[in-house]
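Number of protein chains: 2
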Amino acid sequence: MKRLFLVASLLTLAMAASAQQALGPGTGIVSPEINPDNTVTFRYHNPKAKVVQVTGDFLPSRPIEVDINGQKMVYNAPGVADLQEGPGGVWTYTSAPLTGELYSYSFLVDGHREMDPSNVHQNRDVATWTNIFTLSARPGDAGWYYEVHNVPHGSVSHVWYDSPTLNSQRRMTVYTPAGYESGNQHYPVLYLLHGSGGDEDAWADLGRTAQIMDNLIAEGKAKPMIVVMPNGVWFNQAAPGAAVNNFQPTMANSRSQSTKEIEDSFPDVMNFVEKHYRVAKGYSNTAVAGLSMGGRQSCMLSLHYPDTFGYVGLFSGVGAIEGNEEGFAKVFAYEPKLYWIACGKADGVMVNAKRLKEWLDFQGFKAEMYESEGGHIWRNWRVYLTMFAQRLFKQQPKAPKPVRMSSANNGDVDF
Amino acid sequence: MKRLFLVASLLTLAMAASAQQALGPGTGIVSPEINPDNTVTFRYHNPKAKVVQVTGDFLPSRPIEVDINGQKMVYNAPGVADLQEGPGGVWTYTSAPLTGELYSYSFLVDGHREMDPSNVHQNRDVATWTNIFTLSARPGDAGWYYEVHNVPHGSVSHVWYDSPTLNSQRRMTVYTPAGYESGNQHYPVLYLLHGSGGDEDAWADLGRTAQIMDNLIAEGKAKPMIVVMPNGVWFNQAAPGAAVNNFQPTMANSRSQSTKEIEDSFPDVMNFVEKHYRVAKGYSNTAVAGLSMGGRQSCMLSLHYPDTFGYVGLFSGVGAIEGNEEGFAKVFAYEPKLYWIACGKADGVMVNAKRLKEWLDFQGFKAEMYESEGGHIWRNWRVYLTMFAQRLFKQQPKAPKPVRMSSANNGDVDF
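Chains as they are written, first to last, in this note's numbering: chain E, 80 to 494; chain C, 80 to 494.
Honestly, I wouldn't trust all of these hints.
What the hints assert, rightly or not - Derived lysine-lysine pairs resembling DSBU-like cross-links, with alpha carbons at most 30 Å apart:
#1 E:Lys436 to E:Lys151
#2 C:Lys424 to C:Lys300
#3 E:Lys300 to E:Lys339
#4 C:Lys127 to E:Lys127
#5 C:Lys424 to E:Lys129
#6 C:Lys433 to C:Lys339
#7 C:Lys436 to C:Lys300
#8 C:Lys354 to C:Lys300
#9 C:Lys424 to E:Lys354
#10 E:Lys354 to E:Lys473
#11 E:Lys339 to E:Lys354
#12 C:Lys127 to E:Lys129
#13 C:Lys433 to C:Lys354
#14 C:Lys473 to C:Lys436
#15 E:Lys127 to C:Lys424
None of these hints come from the bench; they were simulated from the model.
Note that the coordinates shown come from a computational prediction; the quantities given were computed from them, not determined experimentally.
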């Protein structure tokens, strides 16, 4: 008993003391609170504030037309709603009922952007942190796939590889499905590329890749696969805090151009993955997809290595037609099982995505187009991944007709 | 040329569009800026603010005495400094020259805590986010070990394991040293435990474990080793966002007690690690250390498994003497190569740490004590890890004298 008391005392002391770990205390306020009717209540304590608002993608967006070098595009600005001040300087706002999704928001306090101090859940997008919450209105909706359920979980690893082409060590994030560590099976690989402001953490953090894959695989809707998310910006070796230059993120076009293109350096990625993971190699077992800049990169990679990727996904980003006519002919000569273009109706990229799809149709090349609502946003890219992943590695593409093939299916895969 | 133009146009479009990824724009302000004389300038834009301050552990702390259940302890509150308003509503403050460290800070805007919107580098400690920056005043100082240098990098993996004892899937973070993926070597293991408000991400994020290990190993100051950082709070299976309950973090004592202690569930951790990693097993190759609650847990684990851990590190947390006298006698009968107690002079745990050290001395048990400045803070725990890791696995402890041994060194290790 005496021992127990002393242990308890020490524990109390240690814990009281470790409260110092944080610079500030908890707020004692619950925000956001997801209500039984799928409305969401936001709360914020500040007796001195005059106007408190919430802005986020759970509110109806306000389309704004912008002109970039003579090209008009629609920018969907997030909506804004007012919180009402209540007793004790606690401001509140309750949303309309929401559909299952992962939502981002921030407060505007007298016009000044602030994080929600009561919500520990945050995501970084390029250089901006926002609060997030996930809502699952019913099983199987989009938000449900982004949440963690009691299903077998895969691993997420941050791994360094050598890129002789870019003359640097670089980092990639690798999802291996549940059971990978225990077994001997070889798995097909999806290479999943981020946008121009992203890094190797983007798909795992903002994209909820591990949760989507865990849930789809557990339901039998996707084949177990390895998902490789390399850093695709040549001048960044890794995400902020993990890189030598400890960089502040910027968009990829704000720095000088490299003489190396993605097609030059990507073999370094694939060589590392195929050497260090139990990979089912070959056209039928290899997919590439990406968002925005990563969509363009995926297009370019399939053009340069037409016998490598049996599945191609272009999310809100495509390559040019002009100059690549013969390249596309080669790509489709292999009869990829899926060449999937996805874009939002309010996305400035849509005009070029549609143009590519129409040109492919005219050539008789079998591609699919998925048009979603909304613009150039993560909300769409998570949905695209959820849809695309379910189509992968389920059927063997036809044997390729022309030119030589890369290493064939090694027969290790059970489908 | 036409193709190049079109590709460039698409790229521009895609990037302009992907700026929408973020809810807010960049600030265009550099903060913090580390100056050549190791002073640091903080900048913050807000023309409406009346008082802007910065608070953080780079400022001299203000000791405050608090009374917890009749026990007095010193709480070192971070210092506060005023920013001065300049043209355009940009507030600035420049610190005194700083020593190499990882520092945390926040702004206080009219008394209201805010993040630095210009600094993408943040850490979460329990439920509180703060901005951070790393300063390396000269090679080899503390801050230097927390930065990423051009040395071989190990991998950091978030891995799920099954705990039959706690009847749940749980997550651990595993550091494997550079070269692990390519080779066949077996490595010794340091089990590294977090505090009562932490989770499996704490040592990797706040503790900079991967950077410390990469740099120490590259310098030849530490042996290549695997570092296993499990979630040590029985009711949390994983960090926020990775767990089924999607929890808001709390301190471990704010929930009901489990009937299971760390010594009950820890074999689940070790069984998983020894099964799935190339582990050099046995007393000489196994270390346990932790901070605060994790220090107490490390103490308890060595008491319950005296033949398992050849190296024990108690950082700002110890177990009770009373009731464990015979247990300690068994621990030291094995003659651990290192039994290391570290604590800050301003830490409330110090009185019990000293008491344990004196009792061990009186019994003739060979332990070491390291007293640092400061209190119960991450700044100390990073330093303790940097010191402790250099002492590990360098010499074989003497053959154990009493009782049976667990599996002996399997001879796979090259020292």
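Evaluation of the provided hints:
Among the hinted pairs, E:Lys436 with E:Lys151 is consistent with the structure: their alpha-carbon atoms are about 21 Å apart, no more than 30 Å. Note on C:Lys424 and C:Lys300: the hinted pairing holds, with a Cα-Cα distance of about 27 Å set against a maximum of 30 Å. With a CA separation close to 38 Å, the supplied pair E:Lys300 and E:Lys339 exceeds the 30 Å bound. With a CA separation close to 13 Å, the supplied pair C:Lys127 and E:Lys127 stays within the 30 Å bound.
For the hint linking C:Lys424 to E:Lys129, the alpha-carbon distance of about 45 Å lies beyond 30 Å, and the restraint is violated. For the hint linking C:Lys433 to C:Lys339, the alpha-carbon distance of about 28 Å falls within 30 Å, and the restraint holds. Proximity of C:Lys436 to C:Lys300 is assessed by CA-CA distance (about 27 Å); at most 30 Å being required, the pair is judged to hold. Proposed proximity of C:Lys354 and C:Lys300 is supported: the alpha carbons are some 28 Å apart, at most 30 Å.
In summary, the hint linking C:Lys424 to E:Lys354 is not supported, as the alpha carbons are separated by about 50 Å, beyond the 30 Å threshold. Between E:Lys354 and E:Lys473 the alpha-carbon distance is near 24 Å, which keeps this suggested pair within the 30 Å criterion. Restraint check: the Cα-Cα separation between E:Lys339 and E:Lys354 comes to about 23 Å, which is no more than 30 Å; the hinted pair holds. A distance of roughly 12 Å separates the Cα atoms of C:Lys127 and E:Lys129; the hinted pair therefore holds under the 30 Å criterion.
At most 30 Å may separate the alpha-carbon atoms for a hinted pair to count; C:Lys433 and C:Lys354 exceed this at roughly 38 Å. Between C:Lys473 and C:Lys436 the alpha-carbon distance is near 24 Å, which keeps this suggested pair within the 30 Å criterion. Among the hinted pairs, E:Lys127 with C:Lys424 is inconsistent with the structure: their alpha-carbon atoms are about 39 Å apart, more than 30 Å.
The structure is inconsistent with the numbered hints 3, 5, 9, 13, 15, although it conforms to all the rest.
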